[in-house]
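**Student:** Kindly generate the complete structure, drawing on both the sequences and the hints.
Going line by line, the protein sequences match chains A and B. Going by the numbering used here, the first sequence wraps up at 252, each residue one higher than the last. Going by the numbering used here, the second sequence wraps up at 453, each residue one higher than the last.
The hints are simulated quantities; they were obtained by calculation from the structure and are not laboratory data. This one's a predicted model, so the numbers in the text were calculated from it and none came from an experiment. Here a beta-carbon is modelled for each residue, glycine too, at the ideal position from N, C-alpha and C. Check the hints yourself; a few may be wrong.
Below 27 Å or equal to it, Euclidean Cα-Cα: the simulated BS3-like pairs (lysine-lysine) are [as the list claims (entries may be wrong)]:
{"hint": "1", "chain 1": "B", "residue 1": "394", "chain 2": "A", "residue 2": "52"}
{"hint": "2", "chain 1": "B", "residue 1": "351", "chain 2": "B", "residue 2": "368"}
{"hint": "3", "chain 1": "A", "residue 1": "111", "chain 2": "B", "residue 2": "394"}
{"hint": "4", "chain 1": "A", "residue 1": "125", "chain 2": "B", "residue 2": "394"}
{"hint": "5", "chain 1": "A", "residue 1": "110", "chain 2": "B", "residue 2": "394"}
{"hint": "6", "chain 1": "B", "residue 1": "351", "chain 2": "A", "residue 2": "153"}
Sample of chain A residues with no beta-carbon within 12 Å of chain B, all distances over it, derived [stated by the list, open to error]:
{"hint": "7", "residue": "7"}
{"hint": "8", "residue": "39"}
{"hint": "9", "residue": "59"}
{"hint": "10", "residue": "127"}
{"hint": "11", "residue": "147"}
{"hint": "12", "residue": "194"}
{"hint": "13", "residue": "225"}
The following residues of chain B were derived to be distant from chain A, with all beta-carbon distances above 10 Å [as the list claims (entries may be wrong)]:
{"hint": "14", "residue": "31"}
{"hint": "15", "residue": "81"}
{"hint": "16", "residue": "188"}
{"hint": "17", "residue": "361"}
{"hint": "18", "residue": "372"}
{"hint": "19", "residue": "379"}
{"hint": "20", "residue": "391"}
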Amino acid sequence: MALLEVENLHVVIDGKEILQGVDLAVNAGEVHAIMGPNGSGKSTLAYVLAGKEDYAPTAGTVRFDGRDLFAMAPDERAAAGLFLAFQYPLEIPGVATMTFLRTALNAQRKKRGEAELSTPEFLKKVREVAKKLGVDQEMLRRAVNVGFSGGEKKRNEILQMALFEPRLAVLDETDSGLDIDALRIVADGVNRLRSPKRAFVVITHYQRLLNYIVPDVVHVLAHGRIVKTGDKELALELEARGYAEYQEEAVA
Amino acid sequence: MNVMADVTVMKTAAETALARAYAQARSGLPGDGAIAAQRQAAFDLFAREGLPHRRIEEWKYTDLRVLMREAKPLATPPDAAAKARAKAAGKLLGDVECRRLVFVDGAFVPDLSDLTALERGLAVTSLAAALADNDPALAGHLGKLASGSDVAVALNTALMGDGAVIRVGAGSTIERPLHLVFVAAEKPVATFVRSLVIVEQGARAMLIESHEGPAGVDYQVNAALELFVGDEAHVDHVKIISEGSEALHVSTLAAAIGGGARFNGFTFTTGGAVIRNQLFVKFDGEDTVAAIRGATLLKGKQHADTTLVVNHIARGCQSREVFKAVLDDEAHGVFQGRIIVRPGAQRTDAKMMTRALLLSERAEADNKPELEIFADDVQCGHGATAGALDRELKFYLMARGIPPAEAEALLIQAFLGEAVEGIEHAGVREALMEVVADWLETRSRAGAEVEHA
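**Tutor:** Here you go:
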């Protein structure tokens, strides 16, 4: 059984059907890229998986590790090993990054029946992870994402991913707005975590990121449906030809 | 005969009872002839105006004529049992090391207070003793700041029985915070405490006042504190209002801040059925830096009104006002803040911000910030917001595995943190955030019970 099984997923937002029957199966150990033009429903798919309010499905099912994802609250999904790297990570004034990370990690561990980490244990772990990813310790001393540059915010998402060690990480346009150095840091963070037990869904508009995170499977999402699936060559094709044919195809 | 007498508004039961209480107590209240005259003048103001009501602009949201159905009898001196119970008071501050001065039902209790080894420059006595002894410290101070047209203050002046009288001599630094612990024992009585604190030139002190009492008893508190901050002095004032569930609490801080001074004020409001917290602060001397902040946490049907008047009289003073309120259930939070910049107060820099966080659709926040500026070279601003918790932020926290109640608690703590962080004393800051955490814990437990029901 696949780690993530999406079947005939329909989602309506503000009266408009954004996802019109998405089918997707991601096995542990795989990296899937989902590419598509703007407005094709890529971010909607990411939010539905994470459990955002108002992003409830009108039809279809999603199974995560065999469990009905829609029966789980967002925090339960996170504890079960689902991680979403936000396209626009939020700033939380007044909440220290360290407090946030420790509260989140221990909440997940508690829900999984694991022992919570003591403060020294936690500090050791977070420092190790930050060091590996080349994240400045100074960043950890500030309030969550407050005053961070776009690149720092994305790096903070990758730091969280590395700290929480999810089973499935969904990266929603993590490459957008990043320069080449920041892109390498993000890709490096993902590649370090690749393992036979873990899967990634990398949502992106551009092929560029996929030079660094080489996908096993590439899907094209257009008009709320997966319209084509291939290997990494498909990403290069899209880069060369653009999305025009998919937009027309879907209209036709 | 005065024709106007014919159109006097009907007195409420509470007003009649207060007049009777004053008439009966008058001869036994402490103080000499001059004090008696002050009391009488204050009482006359009350007799003319009656209890403040909604048509008085300053009391628009807190109609005492309606909220104060009856006036409780004046408190009698506490008995041994009441004193014994009061020993546990002031626990809210955790293990912050303070010099405690304890008042039970408005009366100073030396046995429970710490008057040993007073620091050099520190003088402490009770108001009752100071009035009885004609203490020279009172002359020129008592009643100088708590005057004017406010009827709640007038009632306090008319009926003041006891309180603290503290003087910090010029240049003295008092390291240990002074903690005035006001405790209501167990009877539904009324107390009128008046304190006077004089911090002379160049002195340094921290003053904490806490007000607490038993749940389920509808006692009434009217407390006033006159605070004189001398030139170049540095004073922190923290007021904690944590009264019992049925209590009516009206308190007033009237402060005059000298030149080149630092003043850091904070009010933490969480307990009581009806609370009116009045802060009247004036800047008499030039180039003073002041912050006046507050945090309010209300639930159930609690009503709390913070009314602040900041009077910039001298030039070059800076004041920052930050008030945050968290309102759950059907609670009603009021913030009225007025900054007045007098014609001579050039180069005033004053900024006031008030924010209310509504945790329930039935909770209500009234914010009324006002600026009255009569000088032309000033920087002044104010802002007010009221809204629900940010759902996007809550989702972000939940997407990281944090359960909803905990996510809300984190956001609420962060919201209040902005105000609480202004307290300079780390121990007091942490103790108050601990109270916030407990409040949130109770809230999430209550929420869980509702879900199970």
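**Student:** All hints are to be evaluated individually against the structure, with a verdict given for each.
**Tutor:** Consistency of the hints with the structure:
1. Between the alpha carbons of residue 394 of chain B and residue 52 of chain A the distance comes to roughly 10 Å, so the proposed pair stays at or under 27 Å and holds.
2. For the suggested pair residue 351 of chain B and residue 368 of chain B, the alpha carbons sit about 14 Å apart, so the restraint of at most 27 Å is met.
3. For the hint linking residue 111 of chain A to residue 394 of chain B, the alpha-carbon distance of about 18 Å falls within 27 Å, and the restraint holds.
4. Simply put, residue 125 of chain A and residue 394 of chain B have alpha-carbon atoms about 25 Å apart, close enough for the 27 Å limit, and the pair holds.
5. About 19 Å separates the Cα atoms of residue 110 of chain A and residue 394 of chain B, which keeps this hinted pair within 27 Å; it holds.
6. With a C-alpha separation of about 31 Å, the suggested pair residue 351 of chain B and residue 153 of chain A falls outside the 27 Å cut-off, and the hint is violated.
7. No beta-carbon of chain B comes within 12 Å of the beta-carbon of residue 7 of chain A; the shortest separation is about 23 Å.
8. No beta-carbon of chain B is positioned within 12 Å of the beta-carbon of residue 39 of chain A; the least distance is around 21 Å.
9. Once the 12 Å rule is applied to beta carbons, residue 59 of chain A is consistent with being away from chain B; the minimum gap is 23 Å.
10. The claim that residue 127 of chain A lies off the interface holds: its Cβ sits roughly 19 Å from the closest Cβ of chain B, which is beyond the 12 Å cut-off.
11. With 12 Å as the threshold on Cβ separation, the claim that residue 147 of chain A sits away from chain B holds: the shortest Cβ distance comes to roughly 15 Å.
12. Every CB of chain B lies more than 12 Å from the CB of residue 194 of chain A, the least distance being 22 Å, so the non-interface label holds.
13. The claim that residue 225 of chain A lies off the interface holds: its Cβ sits roughly 25 Å from the closest Cβ of chain B, which is beyond the 12 Å cut-off.
14. The claim that residue 31 of chain B is not at the interface with chain A holds, since no C-beta of that chain comes within 10 Å of its own (minimum 48 Å).
15. Against chain A, the non-interface label of residue 81 of chain B holds: every CB pair exceeds 10 Å, the least being about 44 Å.
16. Here residue 188 of chain B stays apart from chain A, with its beta-carbon at least about 40 Å from theirs, past the 10 Å limit.
17. Every CB of chain A is more than 10 Å from the CB of residue 361 of chain B (nearest about 16 Å), matching its label as outside the interface.
18. Distance check for residue 372 of chain B against chain A: the nearest CB is about 31 Å away, which clears 10 Å, and the non-interface claim stands.
19. Every Cβ of chain A is farther than 10 Å from the Cβ of residue 379 of chain B; the closest lies at roughly 23 Å, confirming the non-interface assignment.
20. A cut-off of 10 Å between C-beta atoms contradicts the statement that residue 391 of chain B is not in contact with chain A; the least separation is 6 Å.
Comparing the model with each numbered hint stated earlier shows that hints 6, 20 do not hold.
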